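Enquirer: The listed protein sequences derive, respectively, from chains A and B.
According to our numbering, the first sequence is numbered sequentially starting from 1.
According to our numbering, the second sequence is numbered sequentially starting from 1001.
Because the hints were derived from the structure by calculation, they are not lab data.
These figures come from a predicted structure and were not determined experimentally.
Careful, some of the hints might be misleading.
[Said to hold, decoys possible] Per label pair, the in silico range of CB-to-CB distance: (1) 78(A) to 1243(B): 32 to 42 Å; (2) 288(A) to 1108(B): 27 to 37 Å; (3) 142(A) to 1351(B): 53 to 63 Å; (4) 326(A) to 1353(B): 23 to 33 Å; (5) 250(A) to 1073(B): 51 to 61 Å; (6) 233(A) to 1345(B): 55 to 65 Å; (7) 1353(B) to 251(A): 39 to 49 Å; (8) 138(A) to 1350(B): 51 to 61 Å; (9) 1303(B) to 134(A): 32 to 42 Å.
[As the list claims (entries may be wrong)] Computed list of chain B residues with no C-beta within reach of chain A, every gap over 10 Å: (10) 1003; (11) 1019; (12) 1038; (13) 1048; (14) 1059; (15) 1063; (16) 1138; (17) 1259; (18) 1273; (19) 1278; (20) 1329; (21) 1340; (22) 1349.
A virtual CB, placed ideally from N, CA and C, is assigned to each residue, including glycine.
2 protein chains.
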Amino acid sequence: MELRDLMSSQGEWLRGEGPHSGVVISTRIRLARNIAGYPFLRRMNAEQRQEIEGEVRQAVDDLALFKSACYLQLDRASAIDRQFLMERRLISRELAAAEGERAVAFDRDETASVMVNEEDHLRLQTMRSGLGLEEAWRQANEIDDRLESRLSFAFSSRLGYLTACPTNVGTGLRVSVMLHLPALVITRQIEKVFQAIARMRLAVRGLYGEGTQALGDFYQISNQQTLGKSEAEILETVNLTVPRIIEYEEKAREALARESELFLEDRLWRAVGILRHARQMSSEEALSLLSAVRMGVNMGRVRGIDVPTINRLFVCSQPGHLQMRHGEELSAEQRDRARAEYISDALRQANPN
Amino acid sequence: MELRDLMSSQGEWLRGEGPHSGVVISTRIRLARNIAGYPFLRRMNAEQRQEIEGEVRQAVDDLALFKSACYLQLDRASAIDRQFLMERRLISRELAAAEGERAVAFDRDETASVMVNEEDHLRLQTMRSGLGLEEAWRQANEIDDRLESRLSFAFSSRLGYLTACPTNVGTGLRVSVMLHLPALVITRQIEKVFQAIARMRLAVRGLYGEGTQALGDFYQISNQQTLGKSEAEILETVNLTVPRIIEYEEKAREALARESELFLEDRLWRAVGILRHARQMSSEEALSLLSAVRMGVNMGRVRGIDVPTINRLFVCSQPGHLQMRHGEELSAEQRDRARAEYISDALRQANPN
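Chain A on its own, in the form it takes in the complex (with noise of 0.2 Å):
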């Protein structure tokens, strides 16, 4: 499989579909994995690096979800590959980034991956579009399962799953969920919601993780802890929040709807006026202004489009995206001309009204 050949769809994250979906985007199962025998990355040697690389390879190699899919060695790979497998969420940003042998494998239709090499041996993700928590965890418990019974992996009865950072020591699970909160914005609602997420512990990050901005109205929730709590109660925690916060979501659209109707239909067809007109468009502006429009497709407002379109506009405009379908690279001036023709003609065909 080529990467290129991604290209066409948006992945299982974007896909639009799923409980749910007009406010969560994608649900994500994460578990944290290291290999008995051996020290954490930051201490091992590059020859312990390609063992462990190597080992991990074997094991996926073995399993029927991974037979037709993709395995990746990113320190071979072209920042523009890691920046474009990074985009579709399938590796993290601090793999991308980082140095020395490191690689991915993941399924054909991008519902798992694993990152060898990340901060531990193994990161194993399973991702579904919309509200998924129990498919997912399911799919990330199954191979899990199967890895472990062809690596070792370092586990300590009292502690649980050993981590390289202490805060994912137990389970090694993290749980997030992916929503798209633009009425809680635009009401300005959202940091009381950010205060109720805090109070039962769970983390609100940006869109590509820890420390990166809330681009496009787009916020990751997850949980903090993990030691001394349960898979299942952890599971619990997020999936007793996410159902309030969309709630709160859905109630501010229809607020906006019902009291400042010609305010909110002027935003969203300001939005499609300059997405379909404009000839540069940084990324910022442009997760902004899909923001938009997504929100008003999922009112029924903006019609002749639909969220998978947009979805697959939100993450093909990305600069990774954008040089893969370029096929070299970019300058940023380039990029934001690019973007803003690629908008621009799909809106075109897509004709929404």
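Go by the hints and put chain B onto chain A.
Expert: Relative to chain A, chain B alone:
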């Protein structure tokens, strides 16, 4: 003639034709006159105002130019009608807002108007689309002569025509040229041009005269001095200065096209996109966006729409015109909505591409 009949056109001043109409919107000649034997306006009582009004009406009625024209007593006109006339530049902002017996006469083509009981007893003005100093002056001079054969104007052989404000004493002449200077604004050369204009002892004003802001990159250049100068000298100063400003603006447009093509195209097309899609728009924003589109059309970069259409949008999207069209008073919010709808419909029909 009904005022509503004027709605289908934009008036002479925004006809969008005439010499140098890419940069010069219009030329205006104004003469201030007072009738001998009466005090200036501020010291007149209601009876005297009425007498003046009667005398001028009679004199105007005798002129062939005003035969099938409009004579309107402004103290009996509605606020919308007065604003409408002001937006078409047939009356001044001051006359629209004043109180007491006052009137205006103007011909069907809106090339000439006579304001009665403005700051002076009579304010005669002639307008030409584009740069047309000689033609406007010839017409003003002719109307002035004909009125003078019927009315006795206050005149001193030492000072010339006597006027309410000392700055108008002498010729009572103000020559103004309305310029559209978007490229000088974008390239930040406008202040330099203002300084050059000031050195020629000319004044720079905004769209609707003294004290108004330079909206939509429109600037009025006019003479400040009238005492101690002949009409020919005043016309000559303006006639020498304006072509140089036109040249600056044209060079700035060429430089933009050459050095910042992407920036320029982006700016023009974003303006088209917002004008086409917005659902509410202030008068200021409309002027600013239409200004960009006008420049794009004049530079041959926006096709499928002509300058007269854009000029019609300029004037017809103003509050008085919008309310005249709707046949009733509109709140600010209603106007913003009506304006966006009016412009968007017009641009969809014209289909610029």
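Enquirer: Each hint: holds or not?
Expert: Each hint tested on the structure:
For the pair residue 78(A) and residue 1243(B), the supplied restraint of 32 to 42 Å is violated, since their beta-carbon distance comes to about 57 Å. About 51 Å separates the C-beta atoms of residue 288(A) and residue 1108(B), a value inconsistent with the hinted range of 27 to 37 Å. About 56 Å separates the C-beta atoms of residue 142(A) and residue 1351(B), a value consistent with the hinted range of 53 to 63 Å. Taken as a hint, the range 23 to 33 Å holds for the pair residue 326(A) and residue 1353(B), whose Cβ atoms sit roughly 25 Å apart.
Between residue 250(A) and residue 1073(B) the C-beta distance comes to about 59 Å, which sits within the given range of 51 to 61 Å. The beta-carbon spacing between residue 233(A) and residue 1345(B), approximately 59 Å, falls within the hinted interval of 55 to 65 Å. Restraint check, residue 1353(B) to residue 251(A): a C-beta distance of roughly 42 Å satisfies the suggested window 39 to 49 Å. Range check, residue 138(A) to residue 1350(B): about 57 Å between beta-carbon atoms, so the 51 to 61 Å window is met.
Roughly 56 Å separates the CB atoms of residue 1303(B) and residue 134(A), a value that falls outside the hinted 32 to 42 Å. Distance check for residue 1003(B) against chain A: the nearest CB is about 29 Å away, which clears 10 Å, and the non-interface claim stands. The beta carbon of residue 1019(B) sits about 32 Å from the closest Cβ of chain A, which is more than 10 Å, so the claim that it is off the interface holds. Its beta-carbon lying about 52 Å from the closest one in chain A, residue 1038(B) satisfies the requirement of being farther than 10 Å from that chain.
With a closest Cβ-Cβ approach of about 50 Å to chain A, residue 1048(B) is found to remain outside the 10 Å limit, as its non-interface label requires. No Cβ of chain A approaches the Cβ of residue 1059(B) within 10 Å, the least distance being about 50 Å, so the stated non-interface status holds. No beta-carbon of chain A comes within 10 Å of the beta-carbon of residue 1063(B); the shortest separation is about 48 Å. Against chain A, the non-interface label of residue 1138(B) holds: every CB pair exceeds 10 Å, the least being about 45 Å.
In this structure residue 1259(B) is separated from chain A by more than 10 Å, as the shortest Cβ-Cβ distance comes to about 13 Å. The beta carbon of residue 1273(B) sits about 3 Å from the closest Cβ of chain A, which is not more than 10 Å, so the claim that it is off the interface is violated. Non-interface call for residue 1278(B) relative to chain A: violated, since the shortest CB-CB distance, roughly 5 Å, does not exceed 10 Å. Every CB of chain A is more than 10 Å from the CB of residue 1329(B) (nearest about 19 Å), matching its label as outside the interface.
The non-interface label for residue 1340(B) is inconsistent with chain A: the shortest C-beta to C-beta separation is roughly 7 Å, within 10 Å. Here residue 1349(B) stays apart from chain A, with its beta-carbon at least about 16 Å from theirs, past the 10 Å limit.
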